[in-house]
Amino acid sequence: MGDRLLAIGEALIDFIPDQKGCTFDEVTAFSPKLGGAPANVCGAYAKLGGRARLLTQLGDDPFGHKIIQELAGDGVDTSCISLTTQANTALAFVSLGADGNRTFSFYRKPSADMLYSAGQILDAYFDEAYALHFCSVSLGDFPMREAHEAAIQIAQKRGILISFDPNLRFQLWEDPEALKRTVWEFIPRAHILKVSDEELEFLTGETDIRKALPQLFTGDVQLVVYTCGGGGAYAYTRRAEAYAPARKVKALDTTGAGDGFIGSFLWKLGECGGCRERLQELSQEVLAECLAFSNEFCGRSVTAYGAIASYPDMKDYRN
Numbered sequence: 001m002g003d004r005l006l007a008i009g010e011a012l013i014d015f016i017p018d019q020k021g022c023t024f025d026e027v028t029a030f031s032p033k034l035g036g037a038p039a040n041v042c043g044a045y046a047k048l049g050g051r052a053r054l055l056t057q058l059g060d061d062p063f064g065h066k067i068i069q070e071l072a073g074d075g076v077d078t079s080c081i082s083l084t085t086q087a088n089t090a091l092a093f094v095s096l097g098a099d100g101n102r103t104f105s106f107y108r109k110p111s112a113d114m115l116y117s118a119g120q121i122l123d124a125y126f127d128e129a130y131a132l133h134f135c136s137v138s139l140g141d142f143p144m145r146e147a148h149e150a151a152i153q154i155a156q157k158r159g160i161l162i163s164f165d166p167n168l169r170f171q172l173w174e175d176p177e178a179l180k181r182t183v184w185e186f187i188p189r190a191h192i193l194k195v196s197d198e199e200l201e202f203l204t205g206e207t208d209i210r211k212a213l214p215q216l217f218t219g220d221v222q223l224v225v226y227t228c229g230g231g232g233a234y235a236y237t238r239r240a241e242a243y244a245p246a247r248k249v250k251a252l253d254t255t256g257a258g259d260g261f262i263g264s265f266l267w268k269l270g271e272c273g274g275c276r277e278r279l280q281e282l283s284q285e286v287l288a289e290c291l292a293f294s295n296e297f298c299g300r301s302v303t304a305y306g307a308i309a310s311y312p313d314m315k316d317y318r319n
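So for the sequence shown, the working numbering puts the first residue at 1; every next one is plus one.
Simulated from the structure, these hints should not be mistaken for laboratory data.
Everything numeric in this text was worked out from a predicted model, so none of it was measured.
Here are the in silico distance ranges between beta carbons for each label pair:
(1) Q284 to G21: 38 to 46 Å
(2) K211 to G49: 32 to 40 Å
(3) D25 to Q156: 40 to 48 Å
(4) S82 to K157: 20 to 28 Å
(5) R210 to D25: 40 to 48 Å
(6) Q284 to D25: 47 to 55 Å
Derived DSSO-like pairs: lysine-lysine, alpha-carbon spacing no greater than 30 Å straight-line:
(7) K20 to K66
(8) K211 to K248
(9) K20 to K248
(10) K180 to K211
(11) K250 to K20
(12) K20 to K109
(13) K157 to K180
(14) K250 to K315
(15) K315 to K248
(16) K66 to K109
(17) K180 to K109
(18) K315 to K66
Even for Gly, the Cβ is constructed at its ideal location relative to N, Cα and C.
Required output: the full structure, derived from the provided sequences and hints.
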């Protein structure tokens with residue numbers, strides 16, 4: 001088994017406001033921060049000492065070059081990132097509520113990542129891979145969806161663990177039902193499914209995770225990770241379940257917190273030997289250990305601004 005995490009999807013610039021507790025029209029300045037869920041997941045994994053590789057496309061523009069430079073500086077393998085002059089790098093402007101929660105305004109009609117195609121996915125990208133991670137932002141009706149299909153097919157063929165975090169962004173979909181249908185098309189192809197308490201009812205019609213589990217354990221799904229922010233996190237296989245509470249912290253910015261959770265969870269799971277063949281054998285103790293590790297990772301992340309910029313590395317983590 002390899003130890004490299006691959007993530008496919010968008011990398012973009014998050015413009016973080018200089019103040020919180022106000023609406024977009026009240027913000028006076030924004031600071032550019034590296035973002036995009038798959039990029040964040042790679043960043044979390046790499047900052048913990050893991051090998052992470054991002055599969056995406058950026059505009060051949062200053063923002064695209066900034067993303068490559070910052071990802072490389074955080075230890076992420078950028079050798080498989082394509083550049084194009086056909087579209088610009090995606091941007092997302094963020095407003096922060098008083099509690100640190102975010103509202104997004106996206107600039108990607110289309111952006112360079114959306115034009116990434118199946119023909120750009122090479123089998124060699126998956127050498128030494130442990131897991132492939134993806135989200136739903138890039139599963140709309142554009143070429144990047146076909147690139148996901150190609151990547152998932154290679155991962156399945158090679159016996160690589162597949163992780164899916166729907167990471168719902170309703171602003172990017174004209175029809176919420178189309179988003180739901182798309183997410184349910186891809187859930188059965190994943191071995192690990194991460195769902196937040198904010199997403200559960202939309203996806204399953206249930207507010208109780210236990211009532212939703214029979215729906216979520218479909219297709220290849222073997223492990224469901226259910227995150228509840230300050231309420232902690234749960235993990236379920238068909239044989240075991242675990243819970244770990246979250247440490248209470250004062251949240252400044254929750255941008256990238258969910259990405260940091262699943263990135264650090266996948267890293268810790270790999271450390272515990274949680275490969276595709278062993279997911280069903282994971283004990284309550286191992287699951288709880290992975291959840292507690294990621295809760296602490298997120299607790300540290302939300303006390304600073306930005307996504308990857310706020311993630312602790314192992315040196316920080318041990319202090």
